[in-house]
Amino acid sequence: MNSEVLGIILQFLATVLLAWPLGIYIARVYAGQKTPLDFFAPLERLFFRISGINPNREMTWQENLVALLSINFIWFFWSMFILMNQGWLPLNPDGNASMSPDLAWNTTISFLVNCNLQHYSGETGLSYLSQLCSITYFQFVTAATGMAAAAVVFNAMRPQKSAQLGNFYNYFLKSCTRILLPLSFIVALIVLFNGTPMTFAGKANIITLQGDTVQVSRGPAAAMIGIKQIGTNGGGFFGVNSAHPLENPNYLTNFVENLSIILIPIAMVFALGFYLNRKRLAWMIFGVMTIGFLILVFPAVVLEMKGNPLIQSMGIDQSLGSMEGKEIRFGAAASAYWGITTTVTSNGSVNAMHDSFTPLTGMLTLLGMMINALYGGVGVGFLNFYIFIILAVFISGLMVGRTPEFMGKKIEAREMKIAMIVALLHPFLILSGTAMAAYIYHHDPTLAWLNNPGYHGYSEMLYEYTSSAANNGSGFEGLGDNTPWWNISTGVVLILSRYIPIIGPIAIAGILANKKFIPESAGTLQTDTSTFGIMVFTVILIIAALSFFPALTLGPIAEFFAM
Amino acid sequence: MKNQEQSLFQINLVREAVQQAFVKLNPVLMFRNPVMFTVEVSTAVMLVVTLYTAFSGDKTQGSLSYNLCVFVILFLTLLFANFAEGIAEARGKAQADSLRKTREDTPAKVIQADGSIQIQSSATLRKGDQFICEAGDTVPADGEIIEGLATIDESAITGESAPVIRESGGDKTSVTGGTKVLSDQIKVVATTEPGESFLDKMIALVEGATRQKTPNEIALTILLAGFTLIFIIVCVTLKPFADYANTPITIAAFISLFVCLIPTTIGGLLSAIGIAGMDRALRANVITKSGRAVEVAGDLDVLLLDKTGTITIGNRKATHFYAAPNIEEGFFVKNCILSSLADETPEGKSILELAGTLGYQIPTGILNDSQVTFIKFTAETRSSGVNLLDGTQIRKGAFDAIRKNTEAAGNSVPDETTEKVKHIASNGGTPLVVSENNKVLGVIELQDIIKTGIQERFVRLRKMGVKTVMVTGDNPLTAKFIAEQAGVDDFIAEAKPEDKMNYIRAEQAQGKLVAMMGDGSNDAPALAQADVGVAMNSGTQAAKEAGNMVDLDNDPTKLIEIVEIGKQLLMTRGTLTTFSIANDVAKYFAIVPALFIASIPALQYINIMKLHSPESAILSAVIFNALIIPALIPLALRGVTYRPIGASALLRRNLLIYGLGGILVPFVGIKLIDLVVSLFF
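Quick note, the sequences are listed as chains Z and P, same order.
Numbering of the first sequence is given in our numbering, commencing with residue 1 and proceeding in unit increments.
Numbering of the second sequence is given in our numbering, commencing with residue 1001 and proceeding in unit increments.
Calculated from the structure, these hints are not laboratory results.
Note that beta-carbon positions come from the ideal geometry of N, C-alpha and C, so glycine has one too.
Warning: the hint list may mix true and false statements.
EDC-like, lysine to aspartate or glutamate: derived pairs with alpha carbons at most 16 angstroms apart [said to hold, decoys possible]: (1) K1463/P with E520/Z; (2) K1451/P with D1306/P; (3) K1093/P with E1016/P; (4) K1512/P with D1531/P; (5) K1213/P with E520/Z; (6) K516/Z with D1531/P; (7) K1467/P with E1507/P; (8) K1376/P with E1419/P; (9) K1467/P with D1531/P; (10) K1467/P with E520/Z; (11) K1180/P with E1167/P; (12) K516/Z with E1507/P; (13) K1317/P with E1353/P; (14) K1512/P with E123/Z.
To spell it out: a stretch of chain Z is covered by chain P in this simulated footprint if at least three of its residues, at any positions, have a beta carbon under 8 angstroms from a beta carbon of chain P; those stretches are [claimed, not checked]: (15) 438–445; (16) 512–520; (17) 550–560.
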């Protein structure tokens, strides 16, 4: 077998093998059981004493949501202040300017919602203070926000009637100290030892082999790259993200960084199984996610390794695969694999140019974000999947002749309303955003947003909104996106598509937790079977894929057939 | 009338439904159903486009005939959906009307304030009026007997020809309007105002005037509205996308894509399914007071069933004669016959029956009061029997009573007999001991006879996940034995009315839904407490008020049927929703290439059905979408058959038939329609 293919198979297997024990560990952390990292406890107690929070106070789902949203609100102003004043604030050796209000809005929102869409380039757009206190800080706390939200839902799924769903602050802080910090520390060390810089010094002057003097940007990069991957953040230190030789120096770092992208998303699914002691349910969810993931990965890898027939016809060798926009140190297979992993999760870091993928691979990355629940972002991926489960339970519950119930709780009109709003939001934001952009561009082509005309240009716009709505943050590039229209409109999409899909599942889970628990009988629909898995998969396919079919037809599909 | 299988589409019902199909086009009525309402709006838009094309001669929106075709098909889609609802209503009404016919104007002998009797029309009877019914009279209204006893022919309501006895006091006090008094005279107080009987309420429910959407129907409507919204977004945003790609799309194409994608199949059939559920209950002679009760029935976890009449056939029967040691069997049986000759109880009769089948002569007409003296059963002696002319005293009774007398007379009870008595009791039987002159002759074994086929029904219920509980006045030992024999999961022995209530509460506290059937006034609180309370029509008014269903047949096994009707209702909703949404895959592959193929010829590769032209593809999809509604009306009315094969297997089966089938059928259907349509477009 081709060593490139073997490389990605190994990556996937290694991820699952590590995610299993990590899942056990995460479940123990949220359940408040003994773990090897209990030495963090004094630090956590210190935080709680200073802030005056009682981490043992059980809160209702509404109280948990208020806590989540209010802390996010404060972070917004914190980051706006730093970004708009970074020019004169300390730790700015390269003398980068303060951000314009619309770019600061977009950047703050983008990192606040764990998206990390970047309409700037790190080397010239940010000071080290901004990189650390805004960007890297957000990469920790927003990932922990998503995980804590998932932990509240885990708690709500217990087989009992209860309004008390744990303490958001407790879950949040423990996610930071017990899970994100240790894991990202390990990843940071690995990339550091492989050549990624970690310094507060400004640009370095280096004389190249040709004898020219070039300036090389550096900074406290290694620390950020760890959490960037572990917390499905994806916002790069450097503009070209993990395609940059200092951000992702070699195949080993690529292996580790790529593994880190889907490690916690998979581990969260296992954690659910251990937390509720419903391992079969966890396997069902993992199975559906994995099948969907492989359906995207397999053709992407094949297509990229096959090469681009148009370039082939120009007489350029395609035996290494379609290498346009890819790094030779990673190769076609590892780039395609990364492309899919980063889009199915809401990571968004890239090690190759997504704009240069062959059309159908471009479509597969789009699909990964349109579904946004195959593993998904840390914590929030499971929350998105939870909505699909609710919808699938409703339809299949009826099909077995009972009014629908999930985990012993009846699903009624109120829950359906919330689930439908969340499910609707995603296609609504993507399609209406792209429609407005297409309309504006069609009526005023002088805008010159697009570097490519036709289907590909359309795909670029579609990708930008899809990436925003999925809180992914990767870009198709080729799109001039640092303009007020793109900064503001994607900012709005980012906020809506972050908070509503968190509020929705917590509300549903909270309402369900407050209902009477109905013990299982022979007539009850079992949700941990492969049959139900197929049902969930079908619902995902129909809602997420079918609603985008016409849009994809005009973009990548038309481009593919026109090739 | 009972369980009469009518064809689904009787001509008079169809005529009414067609008429309703047009009446229901009223947008105010349509608004209740968001899916079909959007179709109506789309149809209106197409009408405008068609008129525009006809009068302006502008061909940019397609030819007149094409636009007209799309308009007509959409209009038919609406009519089909309305027809489905109309035919379900008409069937329900027809069924209810035939019940109502039984209570058309009949003369009522009303007792006036001064005590005189005046004959007036039944329509003038108010609640609280008292009237008299004599042999040959038709009971003019629902009521409760306050004086007297009568045999009544209820066949008009239940279809059962055997007359029943109704009397004042006790649990059999109810009479129903339209039934016929065969003998005796009763004094009845009317319990309902005219037009407010259960039947009237049921008819109103079916007719839609007071029909409320059930909670599950509301939730499903939200799901369908959500899908409709998604596809509104998909279709609206397609316009700027197409403009960007310089691909003009006609209004007809947009509308067609939209109507095909939204779940019109389930949207059009949803209310018909709900009404059909109540129809099926009515067809099983159960009157439901709300659509919700039928829905809940599908969810039931626990059924409380009375032993007598449900699990066992009425009464105990003699099954064996066991002679005491040193007593000749023939002699013993003869004495058993003698002791039972005057015994009018079912048990007594069954002893004679058993003796007869064993080949013994049953003397008839030889014995009469002049030759023998019959001793009646009393609560003190707990035995009955006969004194012969020669002074021989034969007694038959409970073991304790006979033993007391025997021992008082200085005789001992043989150990073998004592053993036998214990053995019979522990096997669920009732021992009766027979003695001659206070000397024990032997034991008769009486057994409850479990209804044939009832075990299978309980197995079926268990597979559905329904727990069955037997309620009986028997002692725990007997109850346990019968419970095991019949295969029920649990039992309440020596049950008092409050025991039922407590049991229901305890189960409900665990989150379970409980159903019970009852007739007596003392059942009323439990009927009200149960999630589904089925009152027997023969029961007291209080019981009927407390329950949420009334069984006209007074058949205690009806609960089992009700559960299946409820499950059918929910399954039909689920499977048709799945089918409807699965259809979208094929419709996409028909319409999307048709939209773009003119300006992007490369997209012909996704025209995998090889449809003739964009116009024919769009028309075929819309025609399929319209035709599938009438094609599924029979399924919606009859309901999807429930099979107790376990939830997972059932899901797999339905997913295969309605999910996979829903994906494949339209590919075939649209292609076939296209072959015809391509002759014209």
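Unmet hints by their number, sorted upward, for this structure: 5, 8, 14
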